[in-house]
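J.: Sequence:
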Amino acid sequence: MSDTPPSFLDRREMLAAGLAGMALSTLPGRALAQSGARAPDAPRTGSASVAAHRVEVPMPHGGVTAGHPLAAMAGTRMLMQGGTAADAVVAAMAVMNVVEPWASSAGGNGFATCLDRKTGKVQSLAFTGGAPRLLDPDGDPKALDHGPKALTVPGAFGGWIALARRFGKLPLSTLLEPAIGYASDGHPLDASIAMFITRAQKTLALYPTSAAIFLPGGQPPAPRSIFRNPDLARSFQALADAESQALKGGADRDRALQAAHDYFYTGPIAQEFARFSKETGGCLRLDDLKAYQPRWDDPVTTNYRGLDVYCSPLTSRTGLELCEQLNLVEGFDLAALPADDPLFTHYLIEAIKVAKADVYKYAADPKFAQTPVEGLLSKRFAAERRKLIDAARAGLYPDGGNAAAFDRAALERARQDFAHQGDDHTRGGDTTSLSAVDADGNAIAVTTTVGGGFGTFLVMGNTGILFNNGLRLGSSAPYAGHPNKVAPGKIALLGNGPTILLDKGRLKLVFGSPGGETIGQTQFQFLVNVVDRGLPIQAAIEAPRFALDADPNFYRPGAAITVQAERRFPDATIQRLTAMGHNIELVGPYAIGSVQGILADASGARMAGADPRRMGYAVGY
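All residue numbers for the sequence shown refer to the numbering used here, where the first residue is 7 and numbers rise by one.
None of these hints come from the bench; they were simulated from the model.
In silico lysine-lysine, DSS-like type, Cα no more than 30 Å apart, as pairs:
id: 1; residue 1: Lys127; residue 2: Lys510
id: 2; residue 1: Lys514; residue 2: Lys175
id: 3; residue 1: Lys175; residue 2: Lys127
id: 4; residue 1: Lys296; residue 2: Lys175
id: 5; residue 1: Lys127; residue 2: Lys514
id: 6; residue 1: Lys373; residue 2: Lys284
id: 7; residue 1: Lys296; residue 2: Lys254
id: 8; residue 1: Lys175; residue 2: Lys510
id: 9; residue 1: Lys385; residue 2: Lys514
id: 10; residue 1: Lys296; residue 2: Lys373
With beta-carbon atoms standing in for the labels, derived distance ranges:
id: 11; residue 1: Trp302; residue 2: Lys254; range: 22 to 32 Å
id: 12; residue 1: Asp293; residue 2: Ala244; range: 20 to 30 Å
id: 13; residue 1: Val61; residue 2: Asp268; range: 39 to 49 Å
id: 14; residue 1: Gly192; residue 2: Gly587; range: 48 to 58 Å
id: 15; residue 1: Glu278; residue 2: Lys148; range: 19 to 29 Å
id: 16; residue 1: Lys208; residue 2: Thr125; range: 48 to 58 Å
id: 17; residue 1: Arg240; residue 2: Lys393; range: 57 to 67 Å
id: 18; residue 1: Thr286; residue 2: Val61; range: 42 to 52 Å
id: 19; residue 1: Lys124; residue 2: Thr272; range: 31 to 41 Å
id: 20; residue 1: Ala398; residue 2: Arg311; range: 17 to 27 Å
id: 21; residue 1: Asn468; residue 2: Gly495; range: 22 to 32 Å
id: 22; residue 1: Arg512; residue 2: Glu380; range: 21 to 31 Å
id: 23; residue 1: Arg172; residue 2: Ala585; range: 47 to 57 Å
Don't be surprised by glycine CBs; every beta carbon is placed ideally from N, CA and C.
Put together the whole structure using the sequences plus the hints.
T.: Here it is in structure tokens:
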């Protein structure tokens, strides 16, 4: 693991150390597991206290809750100019490229879950690119950690255009204006981002185009110093100009947005991507970029206690994971359990184990594998798998269940390969999430990512655009014969899970979270807090969380499971869970995930929440 870039190992620790208002203290002396090297989304030494919390934000006309205050404000500006929820999230995502560059980029990937209030339909947008066609699936897996061979075709910008075309009103030039301004003129760099850059300095320095932006003068920028990315500003301005020129030439709005899409995927920016990739030994070529299109799809869905839950489609595993977790605990009367009852947490832990085993067994790019979606989401299947959950003791990480007919011989061959793969430890993932509601009641949740922190660590040529490392282990399976093993053209699975809940067709909740492997776990706990505990949105966000870590990974039955718990859980709960057989590791008090969401009540009143675990803020009007 020594060759793994710092951000894969230390991001949670960086986050804890970098958040403003934190004060160090000593962990309580409990007989708990030692910190491991592959914590899912929590600082291994998380010993800090968060001084500032968030307040619920009313959104009578609309608003945005996002992973950075400037992004939330940019999105809300669009709403106040007559824009839609789609306009808001595109503007916010563009700003996130500038203010949270380690987790967000037009060169990344992601998902959006969208409620069209007029039709009442919920749709998913997958803006996820596949592996380049020249990729050698049998090449060195460590080359997928970072550098020019680790990337997938960038899907994010295509997603922005798809959202704007289908649901937006404002021109792209307006949507990109805030991001261009912050990239060109600069903005005060958040202390946590400065910390991430400092910790990733050695790897960023390997790539001159990245060092020029993130290590000006050869050194990481100081916290709260003015940070700029002029190359990114020029790229965004060129995209806006492509739209403007098309409009001047007589194109309608749709064709003008397509002109911007083409500038990115076939024009000068695409050509620079392809040139730089070839020059640096990467596999990305112009044909890969020309072939890319974002995909509108049906979301993965279930019904939980009378509420319709819509989450990401099959090129993210989190939709399946979240829905199966809900199906599993629906068989328990969680609302009857006191909030501090260890059994409540135990049921959630065990449901996560079972769902991950099932989903990791089957989930893969549906163009390359047939995932038994109906089986995985079946209430009868959940009832059968629920039998694995013992109310008195922790279970082992199980084999995936028989969600559909499965070639047993093929499964056994895959398992025999497990012992012959070398380093198969999952690499961490880094994402950002935002949610928006507009005056017409349209709602969108988006989760976007560059893969691991700083993605490939590689800024592509003179574009200022950081690329994703979407092929890293975790998104792809490390085992030959597994349906999610990397292959040319195949989409390695993301864990993004933007989610919408409807109550008899009326918006109840729109939310998402970053956190890599913890996304489905975080969103599951948050949703249960809202639905079963009846908590207001900010209280549901700030409630203590846990996350499961698997050694070596969740693909492997029998993996060793550690439950990382924020140390705000009561001592009695920790002691009881330990006595039940759970391997508990205490982490920082506010360390796991970062939910941004909007909750609507029966009267239509909307209140937004943002997570103090990161820089999240909500802005309404």
